[in-house]
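**Q** Start from chain V and add chains B, G, C and H according to the hints.
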Amino acid sequence: MLGPSVAWYLSVSAFLFGVGALGVLLRRNPLIVLLSLEIMLNGANLALIAFSRHQGQGDGQIFALAVMAVAASEVVVGLGLIVAMNRKRITLDVDRLNTLRG
Amino acid sequence: MIVATVGNVLVWAVWVGAGFACLASAVAVVSFRNPFYSALALIGNLGSLAVLYLLLSSDFVAAAQVLVYAGAVMVMFLFVIAYVGPRMDTPWAGGPGWQSVAAVLAGAALLVEIIVVIGLKAGGRLAHSAAVGDAFGSPRDIGRLFLTDHLLAFEITSIVLLIAAIGGVILGAHSRQPADEVPSL
Amino acid sequence: MTVGAWICLLSPLAGALLITLAGTRISRRTAGYLSTGSVAVAFGGAITSFIGLLGKNGEERDHVSTAWTWLSGGSYRSGFEILVDPLSVMMMLIVSGVGFLIVAYSIGYMDGDKEERRYFAYMALFVFSMLLLVQGGNFLLLLAGWGMVGLSSYLLIGFWHERPSAIAGAKKAFVMNAIGDATMALAFFLIILYTGTLSFDHVFNIVQNGDSGISNSTPINLIALGLLGGAVAKSAQLPLQTWLPDAMEGPTPVSALIHAATMVTAGVYLIVRTHVIFEAAPKVEELAAGLGAGTLLLAGLIALVQTDIKRVIAYSTMSQIGYMFLGVGLGAYANGMFHLMTHAFFKALLFMAAGLVIHALHGEQDIRRMGGLRTLMPRTYLAFLVGGLALVGIFPFSGFFSKDSILAAAMDHGWYGYVLWVAGLAGAFLTGIYTARLFFLVFWGEPSAFVQEHFHKPKRDVVGISLAAPVAALAVLAAIAGWIQFAPLWHPIETWLQTVAEPLVSPAGWQEAVSSVLAVVLGAAGIGVAWLLYGARTRRVPRLAFAQRTLEHKFWFDELYDALFYRPSIRIARGLGRFVENPLIFGSGRELGQETRALGGLLGRAQTGLLRTYALAIASSVAVLALVFVVVR
Amino acid sequence: MTTLLIVVPLAAALVLWLLPLDRVSAAALALLAALAEVGLWIQLLIRFDWNERGLQFEQRRSWFSDLHVSYHVGVYAFSVWLIGLAVVVMAATIAYAVWVGRERARMYFGLMLFLTGAIVGVFAAQDLLLFYAFFEAMLIPLYVLVGVWGGPARMGATLKFVIYTMAGSLLMLASVIVYGLSQGTFDLVDIGASSSDWVFLGFVAAFAIKAPLFPFHGWLRDAYTESSPEVAAVLSGVVSKAAAYGFLRIAIAKFPGPTEDFRTPILVLAAVGLVYGSLLAFRAPDLRGVIAYSSLAQMGLITLGLFAANDLGFDGSVLQMVNHGLISATLFLLAGMVERRATTGELGRLGGMARGRPLLATVLMTTGIIALAVPFSTAFAGEFLILAGVFQQGWGWAVVGAAAIVLAAMYILRVISAVLHREPGTAVTDAALDLRPAELGIVVPLVACLLALSAWPAAISGHAFSRDEATRSVSQEFR
Amino acid sequence: MIHRPHVDWFALAPSNVLLVASALALLSAVLVPRGSRKPTAAALTAVGYAIAFGFAVALYVRSAHGHGVVADAIRRDRWAELAQMILAGTGLLATGISYRERSRSDHVAEYYSLLAAAGAGMIFFVASNNLMTLFLALEWFSLCLYILCAIDRERLGGLEAALKYLIIGGFGSAVLLFGSALVYGATGQLDFAGIAASGRDNDALLVFGLAMLIAGLAFKASAAPFHMWTPDVYEGAPTPVTAFMSAATKTAALVVTFRLLVTAFPQQAYLWTVAVAVIAVASLTIGNLAALVQRNVKRMLAYSSISHAGFMLIAVAANSALGGRALLYYLIPYSAGSLGAFAVVAARERELGVPVTIENMAGFGWERPLLGASMWAFLLGMAGFPLTGGFIGKFYVLAAAYRHGWTWLVVVGVIATLVSLYYYLGVVRAMFMRRTEDLQLAPVGGSPPTDSLLQGAVLVCLVVTVGSFFAVQPLIDLAKHAASSLPFLQ
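Residue numbers (this note's numbering), protein chains in the order written: chain V, 1 to 102; chain B, 1 to 185; chain G, 1 to 633; chain C, 1 to 479; chain H, 1 to 490.
In isolation and in its complexed conformation, chain V is listed as follows (with noise of 0.2 Å):
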């Protein structure tokens, strides 16, 4: 095929893994934690689709695009929950959800 070859997009997915990860474990935001985890997933569907590339089948093009619908899912879920916090007066931060904790 043209261009580099899997194995340089697979970095590419991986690094965006690793960078979703990160935000997750850093940011306190839960918006911008909701964010991280897009891009891991989406991480996650680079290199399915490079795999669906590489194998020459489509089963991983398949697999990406249902990763698609269920990350817009998390994200609507997701973006609930933060909307009904936030009409509690919750501020948003992650690291202020520990009264359940020990």
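Please keep in mind that the hints were generated in silico from the structure rather than gathered at the bench.
Take these hints with a grain of salt, some might be off.
Claimed, not checked - Capping the alpha-carbon separation at 16 Å, the derived lysine to aspartate or glutamate pairs in EDC-like fashion look like this:
# : chain 1 : residue 1 : chain 2 : residue 2
1 : G       : Lys-457   : G       : Glu-364
2 : G       : Lys-283   : G       : Asp-308
3 : V       : Lys-88    : H       : Glu-351
4 : H       : Lys-480   : C       : Asp-66
5 : G       : Lys-554   : G       : Asp-308
6 : G       : Lys-457   : G       : Asp-111
**A** Relative to chain V, chains B, G, C and H alone:
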């Protein structure tokens, strides 16, 4: 021959551009203080990803990516962010310092490991991928797969989306009655 | 005749059970009659079996009758069986006979006590136990009776259980006897180990044939030692003699029956019964004789300074049993048994006479507050006189015949015998002194103030009779019973016991004569000394402070044992409790629990409630897991 | 028959729990069931064929086949006696509880009956897993019985008790699994002998804690002093015997090799426990403390007999198990009666109870005398056999044992005189009556059993194992 | 021309029925007047679960020979069907438990609809036969659970739990997804059998993906060290939901884990058996130790559920038919016990109106004999006492471990059980040995109307818990046939 090389160079160039855009936007998403900007950065990220998909000759997915994701989802995101308001008050990061360090270490470790593993393979089979025809990744192809091999996956996806919708309604909607009345679930 | 023996054995038990079960439904007096009657029946049974044996000639006078297998383990068995042979019949006669008199005496003596029923039940129980001891057909039953008499003596010594001293004395007696039981049990284990059985004749045969290695010096000596331990514990010989004086806390008839006539002489019976074993272990047998000699001297000395009328007699009992041990230890079994019999008579007599005195003085026992009772209770005076003379061994009273033959036997046993012989003679002298001292202090002189105000005469009712009659009977016996056997001239008892225990020594006539004369002379001398000191009061009692104190402290045996055994065990128990039980046994578990909980707390703190912690946990574990997989694959 | 013995009390327990009975009828029902159980056992006793060797009244149904676990019950000669001990003691304790009138009667009596069933099950189970199940099932009611109806410090006591025993039992579970799977069956009759030391130790641990043996008795004092008297009676009288039974039935019978290897250490523990318990009993300040530690000593003695591993020892141990079961049960019940009268068990504040209380005095005295193994008592017979047996393993053991028996005499006499004799203690008022007829009805049968046994100890010691040849190892004995 | 694959509607029936029920319940939210909304929705869900159970049974009977259906997307075999039975039963009981839950939410119908949907998702999940269906079904029921946690928007705890669950769940499923991607990349296959066929055992990508898959699934099974969300979520969620999650999610996750590992990665067994064993030990240790110090009963039960995950993972690690048997058997009494325990907690919660701590369980056993005794039985069951199925379950699991040659694992399990006793008995102690007077707060508004539905559910759980001890043979036979449909090497 020459065409091939030229095309190759071209593709390389596009790849480099898109790839770096992708990485940069990703970093931007996690590092921006204001979620609004992060969201915008994510849109960029998705776009550049779409380009990479194209390079991987999966057109339909690329299209879906742009339409569904960069379009619908992110719009929703922006709405919510706007609704919630650009909460500046949340600090960038926090918690005990050692945890941040550990986090970075863990993330880096994952990253490195994956790349190493890929490197291990790169010498081998990853180098040359299967040759694919034009039909590959075309909507027709995808549609066929969706209706044959992955019929159930298709259905489930719809179910998941439906559930998400319900969830959105339940969580996001205004409460339909004053709070004092206490029915039992 | 075995039937008679069974009746003899069981009727006291029946009496005891009857009284216990009847409880308050019968009057106290009836209880007394019941128990007396049951013992009388026992005596009858003993007589029938005696007659039965008389009808047979020497070799066939040995009958074992088994009721049922009492205990069995593995291949080992022993039945609930009785042995009827000359020895056991003789003991049966003594026990049930003297027992009968004393129980009858108790009816009067214990009259009016709150818990008479319990007393008579105990008495009957004791007689049963004693008979079990002497009739037991194997070592195990012997041990059973052995323990049972210890038990009933415990019960009777502690009969007045409000008195701490009584309880203490009872406990002491029981524990010391338990030690004896333990050593005997150990000896029996050895016997089982070597012979696999505990029935007399098997064991004796094996010992005599010397097979199965039991006759090797070590085991046989150990066995003999074990038996001897039991014997000295029961018979209050050195070194386990200290319980007997304290046992005087019990009612006087108890002292008469248990601690004079029957139980304390069981040791002698044991040695005679198992003489085969002792003969196989001559060293131990001589040790027994030596202990006897030691005890008779020791007890005689202590008796000199006692002020409690019963304790004086108790010590004299110890020393008399010392004579018996001396005798049987040297193999003069018949003589030992003979002295056992006569001693049973005159010592019971003395105790009961003393009992009359005490009874007349409202339970006062201190001889320093007595005196001049001769005029007030002349019959008792006579009885006491007879008993005393018999005890000292003055011709023609019974003590003379039995004791002197033992001394004679000692002469026929080499140098060791002579040593013991000398001790015996010294003992005779001491006996003279303390007996006469007691006698003079109690009966002679002018009635003391105490006596004058407390003395009261027993009335001529049932009480009076039951008190008087047995004493009279025993006085007669003590006076004449000695004539049954006159050592060189006629010796029916020896022939009677021939088949059971062949004597090892046969003193010559001159030895008999010499020792008899010397003994009588020395006894008389003792009386003379006592007369000078206490009777005529012409001499003042010499004061040797140290000797005095030593004697009053009974050579510090009690203190010694306290320091050696009792206190240490208490201290160990405390120490264990403080340093092992609480810290280690209880502490350990608790601490372990706390440690575990602490760990849990740590984990709880790791659960920060922060998202990032959770995510971090996942991410890092994934990283590690993947790394391991990739490396290991 | 055997199943019936197990099921009757369990069924009664269920009835009690399910039907809304009032206190009186609940108590009555419980007592009835307990007595019925005794009746059943007498049936068993009569119909048991003493000349026949091996297992009798055997019943067997597959429980789950793939691991060859089955519901397999039956009785050996010695199990008959232990079952008898269990049912008699349980009947007495239940009667006592009825007399005392425990509150929450339905729950209480249900648990007691449940316990009865479990114990009988332990003695009858012929399948490893079944045995374990019953062994554990005993714990469930005990936990609550101690914890709910116990004294002030009951909670700590009961938790300690359960944790301790479970620590052992779970090790046993591991052993059960390893043993059963490695042998391919869990059936105690079919399963072959094993030579694995670890498995053996697993079992030993369980039994050593339950018994308890010397260093493992941390739960003992609290459990025995904090629980209600009748429960303490069951604990020391019956439950501890389950452990001894386990030693005999599994540890010794199935592990001849390890038994040889570990005999000396175990004998040492037993002997130490014997002396240690006696000494502490001599020191214990209260009635129940003395009984508790004395039963520690007694279990040491029984273990001595068991690990003497010869016929004398085995017969003696079985006899002594029954003896000690009856004795300690009686003593605990009497202790309970005394405490009810004096409101305390402290020996210092008791005393002089013999005066004017002839019945109490007689019963307590009799039991005590038997307890201190005065010769001609059944306890003496048992100890004699045990020591004679262990004597053949070495003289030292028997010497220690004999010494401990002297100690026993000391502490029992201490108790007797502290309760009955001397001047009345501060806690003893004239309001403290003599034993009531009902109480007599509870304890006298037990004492009667003891006296009967004293007249004929061979009844048990001669009928504990099938007798046609003197085998060195029990394992053949069972066949 | 597209020829659609043959769709085996019978195989899909259980989840479809539940989906229908869910949809109808949802409709009732708008069509039925508020007053009768709850009964309708609840009834619909219950009926749905009941029918689903019936179908599962029928399927179990009818699918002696497992085979993939609908283009091998899912598998129809007894392994799945037995799990579906358990799940359906769990859901049915959960519905009963939920009925009288106090809540300020007005989304009654939605609640039941989601409950049904979640059940459908799990039922689908356990049948999934390739990575895609696995992932999607996972998300399917996970989303339902997220929402259920927050169904009562007035309860801050619920919201917090939901968000935590969502984010961590998202993280976990991202890991799972990336793992699937790697596996796909290494083999080019998505369905399990294919992976097994074309995967070379020492392929770096493959084992990496395997690691991530294990992590993702262990997360769902709430096994340490992926467990940390569990206590918080269990505590924050409405108790009935917790009950449902604790029983059903674990069942689904473990069953699928076992199927995935055994079917797709037989050559890598030498890796994953050890890994799973280690995870199991970690779960046992952490779960039990942390539970020791909990005062809040829900939280304590959460930790105990972690330790149970550890136990069941031992069965997985055994990688044998016996292990499968053990797992499926274990799940039955465990689900019953866990459901029942949480149900009792819910009952207490309702009469006190505050979170249930060990302290305020005081005297409960005597006030509510049925619930008290049942709770006792459940706890004993979890502690693995005889007379409850928990004992047999533990026995089987440890037996499996021993058969696999891991005696040390047996010992670990035994020790863990010992530790667990402490807190289980602690609750019993609180219920029966402390007097109610020790309890400071008075029940709100006296005692609530006796909740016959909840009590019925508890009773069923009790019957299962105890009955599974006696009726081992039939249950084991079920499990045996189920396990035989997995391709074990031996």
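**Q** Check the hint pairing Lys-283/G with Asp-308/G against an upper bound of 16 Å on the C-alpha distance.
**A** Violated, at roughly 37 Å.
**Q** Between Lys-554/G and Asp-308/G, does the CA-CA distance stay at or below 16 Å?
**A** Between Lys-554/G and Asp-308/G the Cα gap is close to 14 Å, so the pair holds against 16 Å.
**Q** Taken at face value, is the distance from the CA of Asp-66/C to the CA of Lys-480/H at most 16 Å?
**A** Roughly 9 Å separates the two Cα atoms, so the pair holds.
**Q** Can the restraint linking Lys-457/G and Glu-364/G be considered satisfied, given a maximum Cα separation of 16 Å?
**A** At roughly 15 Å apart (the allowed maximum being 16 Å), Glu-364/G and Lys-457/G satisfy the hint.
**Q** Hey, Lys-457/G versus Asp-111/G, does the alpha-carbon distance stay inside 16 Å?
**A** holds, 15 Å
**Q** Given the hinted pair Lys-88/V and Glu-351/H, is their Cα-Cα distance within 16 Å?
**A** violated, 26 Å
Comparing the model with each earlier hint shows violations of hints 2, 3; every other hint is respected.
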